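Whole structure, please, built from the sequences with the hints as guidance.
Just add 11 to wherever you are in the sequence shown, counting from 1, and you've got the numbering used here.
Hints in this document: simulated from the structure, not taken from any laboratory.
Every value quoted in this text rests on a predicted model; they were computed, and no experiment measured them.
All C-beta atoms in this analysis are idealised placements derived from N, C-alpha and C, irrespective of residue type, glycine included.
One should not assume that every hint holds.
[Claimed, not checked] Straight-line distance between alpha carbons at most 27 Å, and here's what the computed DSS-like set of lysine-lysine pairs gives:
| # | residue 1 | residue 2 |
| --- | --- | --- |
| 1 | K108 | K263 |
| 2 | K263 | K84 |
| 3 | K108 | K84 |
[To be verified] Cβ pair distances, simulated, as ranges:
| # | residue 1 | residue 2 | range |
| --- | --- | --- | --- |
| 4 | A98 | Y140 | 31 to 39 Å |
| 5 | G199 | A87 | 37 to 45 Å |
| 6 | S114 | L50 | 29 to 37 Å |
| 7 | A76 | A180 | 41 to 49 Å |
| 8 | A87 | T179 | 40 to 48 Å |
| 9 | T13 | A117 | 37 to 45 Å |
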Amino acid sequence: MTTPFGARLHQAMAERGQLCVGIDPHAALLSAWGLGDDLAGLEAFSRTVVEALADRVAVLKPQAAFFERFGSKGVAVLEATVAEARAAGALVVMDAKRGDIGSTMAAYAEAFLSPGSPLFSDALTVSPYLGFGSLQPALDLAREHGCGIFALALTSNPEGFEVQRASTADGVTVAQQVLNRLAAENAGAEPLGSFGAVVGATLADAGADLAINGPLLAPGIGAQGATMADLPRVFGAAVPAVVPSVSRDVLKHGPSVTGLREAAQRFVDDVRAVTLD
12 MTTPFGARLH
22 QAMAERGQLC
32 VGIDPHAALL
42 SAWGLGDDLA
52 GLEAFSRTVV
62 EALADRVAVL
72 KPQAAFFERF
82 GSKGVAVLEA
92 TVAEARAAGA
102 LVVMDAKRGD
112 IGSTMAAYAE
122 AFLSPGSPLF
132 SDALTVSPYL
142 GFGSLQPALD
152 LAREHGCGIF
162 ALALTSNPEG
172 FEVQRASTAD
182 GVTVAQQVLN
192 RLAAENAGAE
202 PLGSFGAVVG
212 ATLADAGADL
222 AINGPLLAPG
232 IGAQGATMAD
242 LPRVFGAAVP
252 AVVPSVSRDV
262 LKHGPSVTGL
272 REAAQRFVDD
282 VRAVTLD
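Below, the structure is given as structure tokens:
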């Protein structure tokens, strides 16, 4: 039987620390590395990040859009990036934020959560805002193949407030309803469920029950203004389940492999300090 994503993530965080590093080859970063905003630059950037970090951080999170903008050849680079990162021991969370209904959602799930797919990843970010039930094909396939899901709940962008903090007819916020459904999916899982939420580290106050027995992917650290020291305030008792995600504040230290490794290690040490307090 395939070991569930939650159990694999729990072990990886115990061994390597809780850090997730994004692989975000946007044009400005490629330029800062002295690379062209082209396929060759994309390939060199991605290969360097994998070489530097895949054997030492728990999670790598490629942002699919930055590869898709180069068309089919960019997607081929993404396929290689995912395969090489997983082969080196990192868990790969595909940041694609897919969300649709019926057979279309099933097709998205097959693209990223089916072992026969060249984009097969350990987990996938999804949007539940067509209704949480629309995610069922992804939840089912993830469970079947030992993969994970991270559903957007309380995101780091300020525009998210108008939807995520809105209340349903019974007075529960939309975000809390998503969190409650994830908790139900994770019921009874040990040591950690496989169905997580995206909760921004930039929030002044989560204002929600984050005890979902699953991982909490926390973007917003570094360039967006949050620090590891903010995690206890935002996440409270759920901090041990937090996977803080850092992109630019690690990636800006490339193309030096040593620079990338040292930057990532500083963040690993910072999150370890706040979780041990």
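#### Entry: Hints violated by the structure (listed by number, smallest first)
7 and 9
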